[in-house]
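If you read the sequences in order, they're chains A and B. When the count follows numbering that gives the first Met the number 0, it moves up by one through the first sequence with no breaks and lands on 269 for the last residue. When the count follows numbering that gives the first Met the number 0, it moves up by one through the second sequence with no breaks and lands on 123 for the last residue.
I should point out that these hints are in silico values taken from the structure, not numbers from a laboratory. For each residue, glycine too, the CB sits at the ideal point set by N, CA and C. Worth double-checking, as some hints may not be accurate.
If you want the footprint, here are the derived chain B segments under chain A, 3+ residues with CB under 8 angstroms [to be verified]: (1) 0-9; (2) 108-118.
So these bits of chain A aren't anywhere near chain B, every CB distance computed over 12 angstroms [claimed, not checked]: (3) K38; (4) S81; (5) A188; (6) E220.
Facing chain A, from chain B, some residues (calculated, C-beta under 8 angstroms) [what the hints assert, rightly or not]: (7) I29; (8) V44; (9) L47; (10) L51; (11) V67; (12) L72.
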Amino acid sequence: MSEDVRRMSDQLARDPSSRIFVPLGEALRQQGQFDVALKVTLRGLERHPHLADAHDLLARVCVDRGEMERAFDEWDMVLRLSPGHLGALKGMGFVCFHRARFAEAERYLAAALALDPVDDQVASALHHVRAAQTQAASPQAAIAESIANDSRYLFLDVLPDEAQTALLLDPAGLVLAGAYIDGNGRDVAQDVGAELSGVTDAARRATRHLAMGDWTSIVFETEVAVVAMAPSSQDGLLVLATSRATPLGLVRRLLSRCQEKAQHWLGEQR
Amino acid sequence: MATPFTAMLQTLSRQRGVTAALVVSEQDGIVIDSNMHIGQSGDRVAALAASLYRKARLSARAAGMGAVSFMQLEAPNGRLCAAGSGELVLVVVAATAVNVGLVRVDLLRAAVELAQIAKGGRSR
């Protein structure tokens, strides 16, 4: 036990209400005696529950013990007792960074740096947080961009339900956009498209022969799904598949939305 | 001359708005039997309807959706409904105002009967 620790311990023994428990707890913490430091700090807080520096010390002991959640709560308490407490701002920045909450970490560290602009440690930490934030945002942006550019995801925003999917086929039955994933996780869009090639032509000839006007939709029911089809521009075919549970009125509405989406997309491709 | 399909075709044709009812071979689109209004020619409609139904069935199989039970084509001035059973397809041509729900129920019921006829027996 160091001389300082012995001296402070004696002083605390003589006067248990002394605030010496704060530097004593800090010295013990720095010596790696985390359990003893915790005990001293908690005992001191019983007498001084509103002492911000004591809560700050407790938070740091918690970090040493790997108790991040508790550390966060303690620093939160410090900021309530003493808004703008430098140690707590740094601590909150650290915990938020540890939890990958980079935006919050940046806010706390920026506030700490504003209080102490010459603190190199805080400046460096802030730099790290901003770099991590940029790195974390990049893959998300890349994924979003990739989805936006991938025609397989064309109907994703129109059909948020997993049980709904749509395909846009060209006159030869080749897939222009959309996907159809079967029960085995395989994209069978090309197979479905191949089987449906010529539907547009057959439907048109049938309705013309019967003097019904141009066909507007074909709906067929299977054991597990309802499939709705509609003509799209450039002699293409739009195919929407939904679960059997989907009401037919909703199927029509979804088909109409997909038609609009396909129309817009085809216009962009010209 | 009455055929095994006469009764079911008459039942389907009795629906208000139905102008034709046919039993068609799905494979080649040939009319097996029909009940049509005077002046109508069923051959072409039968071939096209069978082709559409076949495409629906094959695409459903490719997607692992199971068997197709009912199909409906909609146009501004009419509808074409179909229900299949094995190699045979029942086709109904109807006006826009037809009660599709009733036609659907009758077609699905008739398709069951059709399957029994195909097996060699009659339900009634």
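*What hints, given by number in increasing order, does this structure fail?*
1, 2, 5, 6 and 7
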